[in-house]
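Chains as they are written, first to last, in UniProt numbering: chain A, 1 to 358; chain B, 1 to 269; chain C, 1 to 326.
Don't read these hints as lab results, they were simulated from the structure.
Incorrect hints may appear among the rest.
[To be verified] Straight-line alpha carbon distances no greater than 30 Å define the calculated DSBU-like cross-link-like pairs of lysine-lysine that follow: (1) A:150 - C:107; (2) A:348 - A:10; (3) B:122 - B:77; (4) A:129 - B:85.
Letter by letter, the chains look like this.
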Amino acid sequence: MFYREAGDFKTSYRDDGQTFPIRLDRWGYYAVLAVAFLVVPFVIDSYWANAVLVPFLIYAIAAIGLNILTGYAGQVSLGTGGFMAVGAYAVYKLMTAFPGVPIVIHIVLAGAITAVVGMLFGLPSLRIKGFYLAVATLAAQFFLVWLFNKVPWFYNYSASGQINAPERTILGWAVTGPATSASAKYLVCLVFAVVLAWVARNLTRGSVGRKWMAIRDMDIAAEIIGVNPLTAKLSAFAVSSFFVGIAGALLFAVYLGAAEASEAFGINKSFLILFMVIIGGLGSIFGSFAGAAFLVLLPVLLKNVLVAQFGWPTDLAAHIELMIVGALIVFFLIVEPHGLARLWALTKEKLRLWPFPH
Amino acid sequence: MTQATITPDGRQAGPVLMDLRNITLRFGGVTAIKDISFDIREGEIRAIIGPNGAGKSSMLNVISGFYVPQEGEIWFKGYRRGPMKPYEVARLGIARTFQNIALFDGMSVLDNIMTGRLNLMKARIWSQALWWGGAEREEIENREQVEKIIDFLEIQNIRKTPVGRLPYGLKKRVELARALAAEPRILLLDEPMAGMNVEEKEDMCRFILDVNDEFGTTIALIEHDMGVVMDLSDRVVVMDYGRKIGDGTPDEVRSNPEVISAYLGVEHA
Amino acid sequence: MEFLYASEILLNGLMAGVMYALVALGFVLIYKASGVFNYAQGVMALFAAMTLVGIMEGRVPFAHLINAAFGVHVSSFGWTVPGLLAILLTALVMVGLAIVIEKLVLKHLVGQEPIILFMATIGLAWFLEGLGDVMWGADVKMLDVGLPQGISETVETATNNWLGYGFFIDRLDIWATVIAAALVAALVGFSQYTKQGRAMRAVADDHQAALSVGISLRFIWIMVWSIAGFVALVAGIMWGTKSGVQFSLSLIALKALPVLMLGGFTSIPGAIVGGLIIGMGEKLFEYFIGPMVGGATENWFAYVLALIFLVFRPQGLFGERIIERV
């Protein structure tokens, strides 16, 4: 009744190709953006920023990155944690080597460096496919983390082996270091998340995206109709790693402030991001946000209910969380391999017809 | 180069567009194609027929670059084609359909057809990332071309349907649309009518003839259905056990004794 | 002396390789019979070892959960179960697990793409890990079912007399090698000479064809997952005895993946040879190259080796060559 498209006629291919073809969706999207930019920064406190919103935004960026590789281009990667580490260590080296350069440039450069590393580890994808490739990306995960732990140059020879983000500002506001306010952290991550999501949307709706999807759906046919598998796969690895690298840089510099490679970027991080993509929806940018929100909120919720309400021990809650996440992965793969994004789309389909489903 | 000639049924056939010379293809010890030569002329419909296992599909795969023959030369547009990757062959202007439909199931009909134009879209990745500069304009221009093909093949109503949900006959048509979208010099059709009912076959025949007439596209096709082949094509190559046993107009081939014994003879014995 | 020391390391690598091969074997079995690449194999080994310890020590399953939910303090039944009986009971638990997995997961994923199945087993791995922790607690457990441990003096004195240099080899490793060899022989015998084994191979070849001659797919799957559970139990006992039952045990599963990539996913001899190559390779690499680059190369050596290898031979050492067609 309220959600409909009647009377919303498209008169040009430009209108037909826009991101939210239905007017109501468009308004909803603008409303969410307005609240996110104009309301949330003024009401956010440090608990909400640190426990929910900032990790949500950062993981959403990483999930979009992995989704480009896995959901759009069909190449499964278990090396996300390692690539996030590249972003983190790259931004750390840049921040400490060139203190005068604005932090935003450092973060983008860190993404670019990660893109190069990602392409390097993407090279085997030309020869090996499917879960062979998935296992091969484990090489990236373990090798990179080992590298950052063992080569002191990467952590500037600090005694602890940790990297610590020095204080940097944007327009006079501290965005890294201990003095950073909750709303500054949130806003930086929000800007990156929104811009990168928009970039991802642009890439996936044009010819690059179609090349990726063609490779995903049937690689041999794609090659015969003229897709060069080398450039298609490597561009997917590069773009994906760019996103993941920026997520890693933000995670370290803005969110954590200090990090150690094997702890912050271990194999479990790779799986966490992969699960976000699966639960959220393979091949959906909205799904990447949904999956990230889901897996960030779940532990917070469990902690609040089981630990705070029932007084259960924290480790028990953590173990139960493992079980729930594992079961949900299996559940989603069985019931809805396209995840929350598809469920949302189905709901909207129903709403379009409501209240007259026939 | 051969002069333009008039085929017996009065249609114009141009100069030689593709010339296959002494092609031999082996898989391990098995010889799939044995020393075959034939040519394809500009603007004609060329059929390759033969019983099961004659090597027709292998021949098509050689033309489209999926298999590289051990011996022989492929001349295209007057140049010898060196060993190429399939995607490079596609960029020369050779498009094809597949015997077992090879559409991209995760994408809509429109997107599938748009993939046919990937080689004609030149916007850089930067421009696409920001949807600024050439990217949007190019997208719309190509969309207009694709819409013409959608109109031509009468699939307007399924434009946004995911390909996976379509029935078999329509999938075949979408595949044809994808190949056409590439504006090919030669269109290769691998059993375009396999598994169709009579009505769908008639539709497909009409589309193939229309494509040939309206766009002047050169077509090479493989087909089992003898009747269809004889009606459609200008010239026919007959293969059996990897060898060429006949080549000529449908009438010539029909009266070739070797062809009758190898192929038709089985049915009319 | 240098050479002898290197050969000792090689020998120890060989023993470690046997362990890898043991886990890899579980992967190959399931992959051959159901086309599922079971990421959860390592966690199954962990789960089996945890269950074994839990039963032996008479722990109350879900004690933490019960305590937290009802505010009681249960932990132990107060009895202990002898090793052999406990192993038997654990094997039964693993069979039960195979049935549950088939019913709840596999049945619903028939015909899905391999990569979806793979991701489902990752989910399964997390679930099992959580379940194991909730059931038996996440503490590091000692496991002793009576396998001999410690440096074998026989080998040491023998080699000392013979070569003038005593080889240090753990008795447990020797036993592990013997048991693994026996297990492999038994499995090969089973799949070659029994009716169920033939059915299993038929299913591996072609699901549809196997169904059409009256083989019950579900029974075969349950059987294969039970066998894999049993292999996991054996691997769990070995590793658990060696280094305690703890989370890192499930990481050996990750080590088994490069083993498989080297050996090819469908080949039992491949799993063994791959395991040995990885085991020896990483020990030698750590010994010769490790000091130069800061050590701990065992973390990644296997993966990088497999990666480089795969680029040149994508089907693995013993895998069948993949011919692509349109």
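Structure-based check of all given hints:
1. Note on residue 150 of chain A and residue 107 of chain C: the hinted pairing is violated, with a Cα-Cα distance of about 46 Å set against a maximum of 30 Å.
2. A hinted pair counts as satisfied when its Cα atoms are at most 30 Å apart, and residue 348 of chain A with residue 10 of chain A qualifies at roughly 20 Å.
3. With a C-alpha separation of about 24 Å, the suggested pairing of residue 122 of chain B with residue 77 of chain B holds against the 30 Å cut-off.
4. Note on residue 129 of chain A and residue 85 of chain B: the hinted pairing holds, with a Cα-Cα distance of about 19 Å set against a maximum of 30 Å.
Comparing the model with each numbered hint stated earlier shows that hint 1 is the single one that does not hold.
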